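Chemist: With the hints as a guide, dock the two chains, each given alone in a separate frame, to form the complex.
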Amino acid sequence: MKILVIAEHDNQKLAPATAHALGAAKALGAAADVLVAGHGCRAVAEQAAKLEGVARVLLADSSVLADLTAEALAAQALKIAKEYTHILVPATAFGKNVAPRIAALLDVAQISDIVKVIDADTFVRPIYAGNALATVRSGDPIKVITVRGTAFDAVGDGGNAPIEAIEAIAEPGPTKVVGREVTKSARPELTNARIIVSGGRGLGSAEKFHEVLEPLADKLGAAIGASRAAVDAGYAPNDYQVGQTGKIVAPELYVAIGISGAIQHLAGMKDSKVIVAINKDPEAPIFQVADYGLVADLFQAVPELTQKL
Amino acid sequence: MKILVPVKRVVDYNVKIRVKPDGSGVDTANVKMSMNPFDEIAVEEAIRLKEAGVASEVIVVSCGVAQCQETLRAAMAMGADRGILVQTDVELQPLAVAKLLKAVVEKEQPGLVIAGKQAIDDDANQTGQMLAALLGWPQATFASKVEIADGRARVTREVDGGLETVELPLPAVITTDLRLNEPRFATLPNIMKAKKKPVDTLTPEALGVDVTPRLATLKVEEPPKRKAGVMVGSVDELIEKLRNEAKVI
Ligand SMILES: Cc1cc2nc3c(=O)[nH]c(=O)nc-3n(C[C@H](O)[C@H](O)[C@H](O)COP(=O)(O)OP(=O)(O)OC[C@H]3O[C@@H](n4cnc5c(N)ncnc54)[C@H](O)[C@@H]3O)c2cc1C
Ligand SMILES: Nc1ncnc2c1ncn2[C@@H]1O[C@H](COP(=O)(O)O)[C@@H](O)[C@H]1O
Numbered sequence: 001m002k003i004l005v006i007a008e009h010d011n012q013k014l015a016p017a018t019a020h021a022l023g024a025a026k027a028l029g030a031a032a033d034v035l036v037a038g039h040g041c042r043a044v045a046e047q048a049a050k051l052e053g054v055a056r057v058l059l060a061d062s063s064v065l066a067d068l069t070a071e072a073l074a075a076q077a078l079k080i081a082k083e084y085t086h087i088l089v090p091a092t093a094f095g096k097n098v099a100p101r102i103a104a105l106l107d108v109a110q111i112s113d114i115v116k117v118i119d120a121d122t123f124v125r126p127i128y129a130g131n132a133l134a135t136v137r138s139g140d141p142i143k144v145i146t147v148r149g150t151a152f153d154a155v156g157d158g159g160n161a162p163i164e165a166i167e168a169i170a171e172p173g174p175t176k177v178v179g180r181e182v183t184k185s186a187r188p189e190l191t192n193a194r195i196i197v198s199g200g201r202g203l204g205s206a207e208k209f210h211e212v213l214e215p216l217a218d219k220l221g222a223a224i225g226a227s228r229a230a231v232d233a234g235y236a237p238n239d240y241q242v243g244q245t246g247k248i249v250a251p252e253l254y255v256a257i258g259i260s261g262a263i264q265h266l267a268g269m270k271d272s273k274v275i276v277a278i279n280k281d282p283e284a285p286i287f288q289v290a291d292y293g294l295v296a297d298l299f300q301a302v303p304e305l306t307q308k309l
Numbered sequence: 001m002k003i004l005v006p007v008k009r010v011v012d013y014n015v016k017i018r019v020k021p022d023g024s025g026v027d028t029a030n031v032k033m034s035m036n037p038f039d040e041i042a043v044e045e046a047i048r049l050k051e052a053g054v055a056s057e058v059i060v061v062s063c064g065v066a067q068c069q070e071t072l073r074a075a076m077a078m079g080a081d082r083g084i085l086v087q088t089d090v091e092l093q094p095l096a097v098a099k100l101l102k103a104v105v106e107k108e109q110p111g112l113v114i115a116g117k118q119a120i121d122d123d124a125n126q127t128g129q130m131l132a133a134l135l136g137w138p139q140a141t142f143a144s145k146v147e148i149a150d151g152r153a154r155v156t157r158e159v160d161g162g163l164e165t166v167e168l169p170l171p172a173v174i175t176t177d178l179r180l181n182e183p184r185f186a187t188l189p190n191i192m193k194a195k196k197k198p199v200d201t202l203t204p205e206a207l208g209v210d211v212t213p214r215l216a217t218l219k220v221e222e223p224p225k226r227k228a229g230v231m232v233g234s235v236d237e238l239i240e241k242l243r244n245e246a247k248v249i
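Chains W and A, in that order, give the protein sequences.
Each residue of the first sequence is one higher than the one before, counting from 1 in this note's numbering.
Each residue of the second sequence is one higher than the one before, counting from 1 in this note's numbering.
Here chain A stands alone, though its shape is the one from the complex (with noise of 0.2 Å):
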């Protein structure tokens, strides 16, 4: 069975973003950018079912510019076997990239997707479910346990009340949340060997896409700043503050 995992080139999750004075956009010039944390969760739950001998195959793809090479390298530098870009400077919503990756699912017909369950720049959420939908295959979002067997998977996900146990045939779309496991860091060989894994380069047009937004952003803005608080020195000057002038207890 062949594994395929959808990694999103994103503003690193230390940056402190800046909004651009013009209200724009965020400044996206020189920072740091890297895989999305949830993505390598994927990419390494994926590599530990190849080990575990569920997998034959792990193929990960990213949307977006060329740099996102960069991206496909740090996940095969992981352990991920070859990659797939779908190259565009057009910007890419989840319903097109949800389009794509179907499109990308039908060339290579994998059992599985496990994609993040959220990107840490548009925070939307979407992708794998819209995937899900398109495909018309099951899904099971937010993971936090993923065992495969016998055509089926069974997933603990992690949900407001708890944790909830599904299970679903496969071929499936899965979800990964932060405690699904540790992603494991690059080694220097397998770095150098990443560089020599193949990745094939794709565009929109070639699959058939029409990625046009359909959301257009008018602006965006810093969220308004909390004014300066002040320091208390002991309990009770907190007690006193809390029951007299914010009249909170």
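Bound-form chain W, shown alone (with noise of 0.2 Å):
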């Protein structure tokens, strides 16, 4: 077995969801190369070495790659895939742009989201919104596989990896990146978050949204996210939405106010250690999944609770 875990990051900060894809690594019982490719981003492949269970971080450093676009990096990725027998990349908008590419050129299947390693062939993975669990055997001779971060404990520091440069690719793609619109906040990121505030369309409006829960938010030193009806509302941005289709979340304690719980948004936060509802219908499912239940308007209920915590 040989793991390569394709890091995910933004030229600067390796993003957390690589801690959890060489968590999936460490289930499947051996130490990972990790690819780095991207534009002067020395410092994620030394973020990256540090990590535990890792054996060599392969640095391909080149303003080719400055874009990490999902050509540029399957094609980098494709100069050294056919060493491994397993290639791990995180379940993110990131990874799941790039796992299929590299995947359809080595001709084999992918295997998206696993949340277990049964062994080095056979993962299980939630299908249908989460609502069935599949175990599958793959018989190809190298897994591509993206990773639940959700699912698998992020390694901690305490390694002290070799950093090798490899050669770049000698094209860019030709796919530009013309913008960023970063959304801005202090407060923590959604995947990682201990604990998150969720809003819906219950919150009725934008102001509201914001008002009725950041304040919520600050107490508990949470991360706010979103249901679908909230986010198509305009009520916050896209990158809020937690759902089938939005962020898998699983943190200590999820407060959904004003969410009806429909089986989409239930697939992004049921494995939440503690759920908390609040909503005015008594027969909303989301109490079919909540710890604790508050039947009650939220405009009364929510001020409540920020105010006696």
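Among these hints, one or two may not hold up.
[Said to hold, decoys possible] Sample of chain A residues facing chain W (criterion: CB under 8 Å; computed from the structure): (1) R82; (2) I120; (3) A124; (4) N125; (5) E158; (6) V159; (7) G161; (8) A216; (9) K219; (10) V220; (11) R226; (12) G229.
[To be verified] Where chain W lies over chain A, by a calculated footprint (3+ residues, C-beta under 8 Å): (13) 12 to 26; (14) 45 to 54; (15) 92 to 99; (16) 131 to 137; (17) 166 to 177; (18) 240 to 247.
[To be verified] Straight-line Cα separation of at most 30 Å, DSBU-like style, residue types lysine-lysine; simulated pairs: (19) W:K273 with A:K20; (20) W:K184 with W:K13; (21) A:K107 with A:K50; (22) W:K273 with A:K50; (23) A:K2 with W:K308; (24) A:K50 with A:K196; (25) W:K280 with A:K225; (26) W:K208 with A:K241; (27) A:K219 with W:K116; (28) W:K176 with A:K145; (29) A:K247 with W:K273; (30) A:K247 with W:K208; (31) W:K2 with A:K219; (32) W:K219 with A:K241; (33) A:K145 with W:K280; (34) A:K145 with W:K13; (35) W:K50 with W:K2; (36) W:K219 with W:K208; (37) A:K196 with A:K2; (38) W:K208 with A:K145; (39) A:K2 with A:K219.
To be clear, the hints were calculated from the coordinates, so they are not data collected in a lab.
Predicted, not measured: the structure shown is a model, and the values here were computed from it.
Even for Gly, the Cβ is constructed at its ideal location relative to N, Cα and C.
Modeler: Spelled out as structure tokens, the structure:
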């Protein structure tokens, strides 16, 4: 078994999802090489080298990789992919963009969003918005896998792996990044937060979404999430969306406020340790997964909660 | 320019699926089937590009059992011009679908493929990217805005930190996110008209594609159930529980 983990980063910082992918490598039972491909990204390689369970960090640093596009990253990975039996990538927007390209170019299946390793060829993955778990076995010589971060503990620091420069691809891909609109927030990142306060259509407007949820999130040191309905209505930016097609989260505490609990939303949060639901409708399906349910008007209950904490 | 839109027949998103007691899969007999919601968004976007004069023809393709005809008809009722059914009873996995679509692309020579980002049954999120790789085309996944001009696409993508805008030359593959558009409903006259639109039927063999599954499904089971929670009567009780019972705050 030889494992390659593809690092997610922005040329400056290693994304925490990479440490979770290394958690899956650990479950497979072997140290992994980590590919850091980008431009001016030596600091990222240094961060990766410190993680536990890293055999080597392979650094491809070139201006042709600066935009971190799927085309360029897949081409870079292909230069070394055949030396490995397993290629692990975080199941994030970054990883989902790149990994299938690598798999297709290797002519192997990709195994999406694994939540458990059974053995070197066999994995468990959710299907149908997490309403079923499939155990699948791959017969391909190379397993290209995306890893659900909430299902594997991040490896810790304590490693000291060597960093080896490798030759970068010669040509940049055809796709150019011409703009980035990064959601700025002083709050913890959604997928890593210990507590999440999440709002739905019940908040009624963007103003109320902020006015009601932010003081509570401040008190709890929480990240803020949202249902699709809240994002679609413009109450919150797209990267707040929790669910089947948004972010998958599993915090210690998830507080669902004015969210009905559609299966697509539950898919993204039902592995949270403790779930609280505040909803005025006693029949709302969110109560079926909540550890603590409070039937109340959120505009009264949430400010009261914030004040009493 | 032709636009090709792959459309998948899936269990309707409102259906609460049931795992078969023998663990062999999910029960799909007698459940409502619909077009994958992301593919409706893709069809809508393609039709809008045709209405804007950017595209000349919208071709929809579905791979799978004979009933995928219905999915093609639904797309044509929205406004797609014609359909292609790649018919097989073999369980199709994303790599196989990507290879079938590649063969269809080589036949039809579209300037753009717009697929859904994810099928809501397998939740794979692979096929569009795989197709782009096999064709050697650029890709723009998870699109929330698409502009086409001068042989190039400018696409805003929903990524983890916010939004990213990319520019890529055509031909290319774009995959749709939820906020790209609101798909139209088919009107009755258009549903009638769609019945007369042409559908070509092909097979994997005729396209020279080996669709043998690469992943064997050993078992399908229900996820562990959460144990029943309690209802609290007041904010005070909630705080008490969170502090002393759950100990999370
Ligand atoms: C393909 C597809 C993918 C999807 N992916 C996702 C996804 O990733 N994430 C996601 O969240 N959704 C997703 N959805 C949408 C999902 O089906 C639901 O439509 C959505 O989750 C509903 O959001 P909501 O609960 O905020 O809104 P609603 O269902 O409208 O619920 C609002 C709730 O607020 C309550 N409420 C209203 N006023 C008050 C008040 N004053 N006090 C207390 N409670 C109040 C109401 O009782 C109600 O329960 C997807 C749908 C499709 C088709
Ligand atoms: N059997 C199929 N027939 C037509 N299109 C498909 C099929 N399977 C997948 N697709 C397309 O690929 C997208 C992503 O699917 P997936 O990779 O399975 O999540 C879907 O939204 C469709 O556009």
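Chemist: Hinted pair, alpha-carbon criterion (30 Å max): K219 (chain W), K208 (chain W). Please report holds or violated.
Modeler: holds (17 Å)
Chemist: Between the alpha carbons of K196 (chain A) and K2 (chain A), is the straight-line distance 30 Å or under?
Modeler: Given pair K196 (chain A), K2 (chain A) holds - Cα atoms ~20 Å apart, limit 30 Å.
Chemist: With a C-beta cutoff of 8 Å, work out whether three or more residues of the segment 166 to 177 of chain A approach chain W closely enough for the coverage to hold.
Modeler: holds (count 5)
Chemist: Can the segment 45 to 54 of chain A be counted as covered by chain W under the rule of three residues or more with Cβ-Cβ separation shorter than 8 Å?
Modeler: Since three or more residues must qualify, the claim that chain W covers the segment 45 to 54 of chain A is violated, with 0 doing so at under 8 Å.
Chemist: Less than 8 Å between beta-carbons is the criterion; does G229 (chain A) satisfy it with respect to chain W?
Modeler: The hint holds - G229 (chain A) has a Cβ within 8 Å of chain W, the shortest such distance being about 4 Å.
Chemist: Has the segment 92 to 99 of chain A got at least three residues whose CB is nearer than 8 Å to a CB belonging to chain W?
Modeler: holds (count 4)
Chemist: Take a quick look at whether K219 (chain A) and K116 (chain W) sit within 30 Å of each other, Cα to Cα.
Modeler: Distance ~14 Å between K219 (chain A) and K116 (chain W) Cα, so the pair holds.
Chemist: Is K280 (chain W) close enough to K225 (chain A), meaning Cα to Cα at most 30 Å?
Modeler: Holds, because 24 Å separates the two Cα atoms, which is no more than 30 Å.
Chemist: Mind checking the alpha carbons of K2 (chain A) and K219 (chain A) for me, to see if they're no more than 30 Å apart?
Modeler: violated (41 Å)
Chemist: For the segment 131 to 137 of chain A, do at least 3 residues have a Cβ located nearer than 8 Å to some Cβ of chain W?
Modeler: holds (count 4)
Chemist: Tell me if the straight-line CA distance from K219 (chain W) to K241 (chain A) falls inside 30 Å.
Modeler: holds (17 Å)
Chemist: Next item in the hint list is A216 (chain A). Is there a CB on chain W closer than 8 Å to its CB?
Modeler: Because about 5 Å separates A216 (chain A) from the closest Cβ in chain W, which is inside the 8 Å limit, the hint holds.
Comparing the model with each numbered hint stated earlier shows that hints 1, 14, 22, 23, 33 and 39 do not hold.
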